[in-house]
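full-length UniProt numbering numbers the first residue of the sequence shown as 1 and each following residue consecutively.
Take the hints with a grain of salt, since some may be wrong.
No farther apart than 30 Å at their CA atoms in a straight line, the calculated lysine-lysine pairs in the DSBU-like style are these [what the hints assert, rightly or not]:
#, residue 1, residue 2
1, Lys-16, Lys-5
2, Lys-10, Lys-28
3, Lys-5, Lys-18
4, Lys-16, Lys-28
5, Lys-18, Lys-28
6, Lys-14, Lys-28
7, Lys-5, Lys-28
In case anyone wonders, no lab produced these hints; they're calculated from the structure.
In this text the structure is predicted, and so the values were computed from the model without any measurement.
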Amino acid sequence: NSEMKIYYQKRVEKGKSKMSTLNIIRNKLIARIFAVTQRQTPYVDTLRFVA
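Between the sequences and the hints, there should be enough to build the whole structure, so can you do that?
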């Protein structure tokens, strides 16, 4: 996912721990998966609509 890759690169450039950043990304993915399964709707990549 390009959004997560950008987020990872920005945090690492700021000097944050790589493992901490990976844990944050993991939690974001889990939250998205949980929301999709609860709502029973497909995931919509909102990053495409911003540009």
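Decide if the proposed pair is consistent with the structure: Lys-5 and Lys-18, CA atoms, cutoff 30 Å inclusive. 12 Å, holds
Compare the distance between the alpha carbons of Lys-5 and Lys-28 with 30 Å, and conclude whether the hinted pair is satisfied. 13 Å, holds
Taken at face value, is the distance from the CA of Lys-28 to the CA of Lys-18 at most 30 Å? 15 Å, holds
Is Lys-16 close enough to Lys-28, meaning Cα to Cα at most 30 Å? At roughly 17 Å apart (the allowed maximum being 30 Å), Lys-28 and Lys-16 satisfy the hint.
Within a Cα-Cα threshold of 30 Å, do Lys-16 and Lys-5 meet the stated pairing? Judged against 30 Å, a Cα distance of about 15 Å means the pair holds.
Checking one constraint from the list: CA of Lys-10 to CA of Lys-28, max 30 Å. Satisfied? Holds - the C-alpha atoms of Lys-28 and Lys-10 are around 16 Å apart, at most 30 Å.
Distance restraint between Lys-14 and Lys-28, which requires alpha-carbon spacing of 30 Å or less: 19 Å, holds
Every hint, counting from the list given before, is met by this structure.
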